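Student: Quick note on our numbering: the sequence shown kicks off at 20 and runs consecutively.
Don't take every hint at face value.
Quick list of in silico lysine to aspartate or glutamate cross-link-like pairs, DMTMM-like style, CA-CA up to 20 Å [said to hold, decoys possible]:
(1) K289 - D245
(2) K90 - D52
(3) K289 - E326
(4) K346 - D136
(5) K90 - D140
(6) K510 - E632
(7) K442 - D212
(8) K182 - D136
(9) K182 - D62
(10) K182 - E84
(11) K182 - D245
(12) K90 - D143
(13) K510 - D627
(14) K97 - D52
(15) K510 - E625
(16) K346 - E632
(17) K97 - D46
(18) K289 - E500
(19) K162 - E431
(20) K442 - D300
(21) K97 - D417
(22) K289 - E431
(23) K97 - E87
(24) K289 - E354
(25) K289 - E276
Pairwise CB distance ranges, derived in the manner of DEER restraints [unchecked claim]:
(26) L98 - R402: 34 to 44 Å
(27) L611 - K159: 55 to 65 Å
(28) Q381 - W280: 28 to 38 Å
(29) R124 - G424: 42 to 52 Å
(30) A266 - L606: 49 to 59 Å
(31) S163 - P102: 20 to 30 Å
If you're looking for bench data, these hints aren't it; they were derived computationally from the structure. Fair warning: this is a prediction, and the values are worked out from it, not measured in the lab. Where a beta carbon is used, it is the ideal one built from N, C-alpha and C, also for glycine.
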Amino acid sequence: MTASMAFPLPAEARAPLRISTRSVWLDRVWHLDGRRPGSNRADFSLDWGFVLADDSRFSDPRWAEWREAAKLFVWSLKLDPPPGYRNAHESTIVSVFSRLRMLIRWMAAQGYRCFADLDRDACDRFMTAMAQRPGRESGKPLKSTTLQNHANLLTRLYLQGAKFPEVAIADPFPGIAPPFVRRDRGWLPYTPDAIAVPLVSAALRLIGTPADDVIALQTQAQSVYDHALANGISQTKAGFIVTDAIAPFTFATLPGEETAWHEAPVTSTKQLRYLADRIYDACFVVVSYLVGARISEILGLQVGCIELHPAGDGSESFAYLVGRIYKTARGIDGEAHRWVAPTPVERAVVVMERLTARLRAQSGRDDLFLAMASTGLVGPAARIDLPVGSTIIRRLNDMFAPFIGLPDHEGEPWHLNTHQGRKTFARFVGKRDRTGLHALQAHFGHVTRAMTDRGYVGTDFALDDLIDRHTQEETRAALEEVLTATALAGKGGRMIAARSQFRGRTRDGDVQAYVRFLMEETDLRLGVCDWGYCVYRVETAACFGDERGPNPVLRTESTCLTCANFAVTARHRPVWQARRDRNADLLGHPDLDPVSRQLAETRIAECDRILGELDHGKDARHGA
Numbered sequence: 020m021t022a023s024m025a026f027p028l029p030a031e032a033r034a035p036l037r038i039s040t041r042s043v044w045l046d047r048v049w050h051l052d053g054r055r056p057g058s059n060r061a062d063f064s065l066d067w068g069f070v071l072a073d074d075s076r077f078s079d080p081r082w083a084e085w086r087e088a089a090k091l092f093v094w095s096l097k098l099d100p101p102p103g104y105r106n107a108h109e110s111t112i113v114s115v116f117s118r119l120r121m122l123i124r125w126m127a128a129q130g131y132r133c134f135a136d137l138d139r140d141a142c143d144r145f146m147t148a149m150a151q152r153p154g155r156e157s158g159k160p161l162k163s164t165t166l167q168n169h170a171n172l173l174t175r176l177y178l179q180g181a182k183f184p185e186v187a188i189a190d191p192f193p194g195i196a197p198p199f200v201r202r203d204r205g206w207l208p209y210t211p212d213a214i215a216v217p218l219v220s221a222a223l224r225l226i227g228t229p230a231d232d233v234i235a236l237q238t239q240a241q242s243v244y245d246h247a248l249a250n251g252i253s254q255t256k257a258g259f260i261v262t263d264a265i266a267p268f269t270f271a272t273l274p275g276e277e278t279a280w281h282e283a284p285v286t287s288t289k290q291l292r293y294l295a296d297r298i299y300d301a302c303f304v305v306v307s308y309l310v311g312a313r314i315s316e317i318l319g320l321q322v323g324c325i326e327l328h329p330a331g332d333g334s335e336s337f338a339y340l341v342g343r344i345y346k347t348a349r350g351i352d353g354e355a356h357r358w359v360a361p362t363p364v365e366r367a368v369v370v371m372e373r374l375t376a377r378l379r380a381q382s383g384r385d386d387l388f389l390a391m392a393s394t395g396l397v398g399p400a401a402r403i404d405l406p407v408g409s410t411i412i413r414r415l416n417d418m419f420a421p422f423i424g425l426p427d428h429e430g431e432p433w434h435l436n437t438h439q440g441r442k443t444f445a446r447f448v449g450k451r452d453r454t455g456l457h458a459l460q461a462h463f464g465h466v467t468r469a470m471t472d473r474g475y476v477g478t479d480f481a482l483d484d485l486i487d488r489h490t491q492e493e494t495r496a497a498l499e500e501v502l503t504a505t506a507l508a509g510k511g512g513r514m515i516a517a518r519s520q521f522r523g524r525t526r527d528g529d530v531q532a533y534v535r536f537l538m539e540e541t542d543l544r545l546g547v548c549d550w551g552y553c554v555y556r557v558e559t560a561a562c563f564g565d566e567r568g569p570n571p572v573l574r575t576e577s578t579c580l581t582c583a584n585f586a587v588t589a590r591h592r593p594v595w596q597a598r599r600d601r602n603a604d605l606l607g608h609p610d611l612d613p614v615s616r617q618l619a620e621t622r623i624a625e626c627d628r629i630l631g632e633l634d635h636g637k638d639a640r641h642g643a
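With the hints as extra help, turn the sequences into a complete structure.
Tutor: Here it is in structure tokens:
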């Protein structure tokens, strides 16, 4: 490899180098700029005076040369990254520093004194030492993703060594990929449907009338509290006055429910803050799961962040959430962006504007998701700021999940994090078999329609890529299912069943290799919907689709039944059975007009045909 000249930084030129608005190269602590919403200021400080195994500090004079090399490596990732890597954002610099600190501590304990001492054997021993560390969860090993991060650090050191001899190490993984791959929950840990539906449904419920109740109660309580303080009453006594004042308050009974959505009375300002925080959490969940924004993007939202833009054909208008993307932006201030905002997200923004109005007024800030450190009402010395990511995660799991009665997943509590909303959103938009998330289809459908509209103004390319990956993953799984199914219905299904050499087999390596060939080497496209699969060919499409795919307007169950592209597997049986049951119920109405009766009878016959073909395939398998 040849040395790069993109980042010439001789030792004599480093001393005055400005690292940030607060720090220069020689400082023991680098205070970085680029702090994102949701992050802690302390997280963006790199302290080069960390303690080593012999109780010395890395900032001591004896470590000067190694420290210079370490600083050079870290800062080169921002100014002159390795081939194939983007210029590192400050948050990446922070995470690299954390792992580099662990490496240096381990090396110093082993008697090493510079990066050049790190040969292949030492790299192996370092990775082994890291693998033996306990994970964050008690009794569980370190996650493979964490080990992969340590391996990536060694790889970066090796690549940067070609440019900067001070950081050169031996190739840690010659001729092979780093030894740890992600296996924990697949490549995309989205929230399972059985958790996502009750989670988002509960959040949607809370941002309605319950939010109005809590905001009204909070406003009344804060007014009484402010008045008491203004009259010289202590904060403790003012709290008792507030409790007496809000004691008569009762909560609304929601339509279709028999009792109030929450018990009254509220007996303390702490309890009131708890309710306000749960409304806050609900708004966060709604924005996260129905928009797909990252935590830094949600916490970075400002008052007045909803805009309306017309669709490309002028038939309707779409609401957009206006904010900034930080992770993939080159500048520390992020890049302006708009996300499609379905109606519940518009409502969540309105709720947050009202819920945090007092915090904004007192702090002089326009941030939508401001929070307060204390557990009561807003006092004269209230500490107001945006919460950090760990606080949001703790609130979602320890308080919001129990508050809404979130069910367990496979017998254990499901652990929510701040990125699952984005990944669940991408999964829903990318997939088209949405039976599991039927309760959320109206909201997601609006977003999908807007994102495919030619007037769409979004530029979140990382989210687009996430959606594409989900689409490919779903296509791969669907192809494997169709090729190995023992029972297939539909015109296309009958043809595949007669020709597939994999029918009735498990999804082994041969099947997976064939599917990979179909996806990479042919122009085959598989359309997925709730009621079946479309092995799409434009020349035989009964829905009159074009080169882009099936026609979503004419793509119905009845149309698909007449199409040579259409196949149904056993997983779609519940959809056809439910369709049959609905139409059978219609026939039981004495006032049903003749045209509707004939339509219902036709649909029942269609369902019977599909269900019969699936049963016939099963019978044929048993008879063989």
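Student: Next, verify each hint and record whether it holds.
Tutor: Hint check results:
no.: 1; hint: K289 - D245; verdict: holds (16 Å)
no.: 2; hint: K90 - D52; verdict: holds (16 Å)
no.: 3; hint: K289 - E326; verdict: violated (35 Å)
no.: 4; hint: K346 - D136; verdict: violated (34 Å)
no.: 5; hint: K90 - D140; verdict: violated (25 Å)
no.: 6; hint: K510 - E632; verdict: holds (10 Å)
no.: 7; hint: K442 - D212; verdict: holds (12 Å)
no.: 8; hint: K182 - D136; verdict: holds (18 Å)
no.: 9; hint: K182 - D62; verdict: violated (29 Å)
no.: 10; hint: K182 - E84; verdict: holds (17 Å)
no.: 11; hint: K182 - D245; verdict: violated (62 Å)
no.: 12; hint: K90 - D143; verdict: violated (24 Å)
no.: 13; hint: K510 - D627; verdict: holds (15 Å)
no.: 14; hint: K97 - D52; verdict: holds (13 Å)
no.: 15; hint: K510 - E625; verdict: holds (13 Å)
no.: 16; hint: K346 - E632; verdict: violated (51 Å)
no.: 17; hint: K97 - D46; verdict: holds (18 Å)
no.: 18; hint: K289 - E500; verdict: violated (53 Å)
no.: 19; hint: K162 - E431; verdict: holds (19 Å)
no.: 20; hint: K442 - D300; verdict: holds (18 Å)
no.: 21; hint: K97 - D417; verdict: violated (37 Å)
no.: 22; hint: K289 - E431; verdict: violated (30 Å)
no.: 23; hint: K97 - E87; verdict: holds (16 Å)
no.: 24; hint: K289 - E354; verdict: violated (38 Å)
no.: 25; hint: K289 - E276; verdict: violated (27 Å)
no.: 26; hint: L98 - R402: 34 to 44 Å; verdict: holds (36 Å)
no.: 27; hint: L611 - K159: 55 to 65 Å; verdict: holds (59 Å)
no.: 28; hint: Q381 - W280: 28 to 38 Å; verdict: holds (29 Å)
no.: 29; hint: R124 - G424: 42 to 52 Å; verdict: holds (45 Å)
no.: 30; hint: A266 - L606: 49 to 59 Å; verdict: holds (56 Å)
no.: 31; hint: S163 - P102: 20 to 30 Å; verdict: holds (25 Å)
Of the numbered hints stated above, those contradicted by the structure are hints 3, 4, 5, 9, 11, 12, 16, 18, 21, 22, 24, 25, listed in ascending order.
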